[in-house]
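*Asks:* Sequence:
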Amino acid sequence: MPDRNIVGRNIKYYRDKINMVQEELAYQADITTSYLSRVENGKQKLSFDIACRIAQALCISTDQLYEEKHDQAHKENSPLGIRMQQIEKQLEQMPVRKQMKALGLISYIASSRFDDEG
5 MPDRNIVGRN IKYYRDKINM VQEELAYQAD ITTSYLSRVE NGKQKLSFDI
55 ACRIAQALCI STDQLYEEKH DQAHKENSPL GIRMQQIEKQ LEQMPVRKQM
105 KALGLISYIA SSRFDDEG
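Mapped onto my numbering, the consecutive letters of the sequence shown carry residue numbers 5 to 122.
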C-alpha cells in the first residue's frame, strides 16, 4: 500500500500542474477543503472511492495518484533538492581528488567540532 505522503504530494502535484486551487478540487470531488488538505499533507487516509473522484477531477488515472515518480520530483524541487543539484553540478566539474576534499569539508562542517568553534 502506498505511503499517504506520496498520494498527497501527487494530488498536490497534479492540482498545481493545472493551476487548480484546493477549493475547486474539493468541490469537483465532492469533499471538503479541510479533508483534501489533510490528504495532501499525508494526515488523512484516502478511500478508493474518493481517490477515483479526485483522479477524475484532475483528469488523470487513479494509478497516477499512487506513482512514486512524482514523489522524487517533489524532492528534486524542494529547497534542499535544488541545493543538492547545485552541489552536484560543481562536484562533476572537479577532479576526483577535489571531490573527496569537498566531501571531507562537508563532513567536518556537519560534525559537532565545527559547531563548538562557533
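Bear in mind the hints are in silico, worked out from the structure with no lab data behind them.
As the structure is a computational prediction, the values presented were derived from the model and not from experiment.
Treat the hints loosely; a few may be bogus.
As the list claims (entries may be wrong) - Lysine-lysine pairs mimicking PhoX-like chemistry, simulated, CA-CA at most 20 Å apart:
no.: 1; residue 1: 49; residue 2: 16
no.: 2; residue 1: 16; residue 2: 73
no.: 3; residue 1: 73; residue 2: 21
no.: 4; residue 1: 73; residue 2: 105
no.: 5; residue 1: 93; residue 2: 105
What the hints assert, rightly or not - Derived CB-CB ranges, DEER-like:
no.: 6; residue 1: 93; residue 2: 114; range: 15 to 25 Å
no.: 7; residue 1: 36; residue 2: 113; range: 13 to 23 Å
no.: 8; residue 1: 88; residue 2: 41; range: 37 to 47 Å
no.: 9; residue 1: 56; residue 2: 112; range: 46 to 56 Å
no.: 10; residue 1: 82; residue 2: 102; range: 25 to 35 Å
no.: 11; residue 1: 90; residue 2: 21; range: 44 to 54 Å
no.: 12; residue 1: 96; residue 2: 68; range: 25 to 35 Å
no.: 13; residue 1: 60; residue 2: 82; range: 47 to 57 Å
no.: 14; residue 1: 45; residue 2: 112; range: 18 to 28 Å
no.: 15; residue 1: 20; residue 2: 51; range: 39 to 49 Å
no.: 16; residue 1: 60; residue 2: 85; range: 24 to 34 Å
no.: 17; residue 1: 22; residue 2: 106; range: 32 to 42 Å
no.: 18; residue 1: 36; residue 2: 94; range: 17 to 27 Å
no.: 19; residue 1: 111; residue 2: 56; range: 15 to 25 Å
The beta carbon of each residue, even a glycine, is placed where N, CA and C say it ideally should be.
*Asks:* State, for the Cβ atoms of residue 36 and residue 113, whether the hinted interval 13 to 23 Å holds or is violated.
*Replies:* With a Cβ separation near 46 Å, residue 36 and residue 113 fall outside 13 to 23 Å, so the hint is violated.
*Asks:* Falls inside 24 to 34 Å, the C-beta gap from residue 60 to residue 85?
*Replies:* 30 Å Cβ-Cβ, so the 24 to 34 Å window holds.
*Asks:* Verify the proposed pairing of residue 73 with residue 105, using a straight-line Cα cut of 20 Å.
*Replies:* 33 Å, violated
*Asks:* Against the 20 Å threshold, does the CA-CA distance of residue 73 and residue 21 hold or violate the hint?
*Replies:* Since the Cα atoms of residue 73 and residue 21 sit roughly 15 Å apart, the hinted pair holds (cutoff 20 Å).
*Asks:* Just tell me: holds or violated, for the beta carbon distance of residue 20 and residue 51 against 39 to 49 Å?
*Replies:* 23 Å, violated
*Asks:* Between the beta carbons of residue 90 and residue 21, is the distance compatible with 44 to 54 Å?
*Replies:* 24 Å, violated
*Asks:* Regarding the pair residue 93 and residue 105, is the alpha-carbon distance no greater than 20 Å?
*Replies:* 16 Å, holds
*Asks:* Could one say that the CB atoms of residue 93 and residue 114 fall in the range 15 to 25 Å?
*Replies:* 21 Å, holds
*Asks:* Indicate whether the distance between the beta carbons of residue 60 and residue 82 respects the range 47 to 57 Å.
*Replies:* The hinted range 47 to 57 Å is violated for residue 60 and residue 82, with Cβ atoms some 29 Å apart.
*Asks:* Should the hint that residue 96 and residue 68 are 25 to 35 Å apart at their CB atoms be regarded as holding?
*Replies:* 32 Å, holds
*Asks:* Within 32 to 42 Å or not, the Cβ separation of residue 22 and residue 106?
*Replies:* 41 Å, holds
*Asks:* With a cut-off of 20 Å on the C-alpha distance, tell me whether residue 49 and residue 16 pass.
*Replies:* Status holds; Cα separation ~15 Å.
Checked against the numbered hints listed earlier, the structure breaks hints 4, 7, 8, 11, 13, 14, 15, 18 and 19; every other hint is satisfied.
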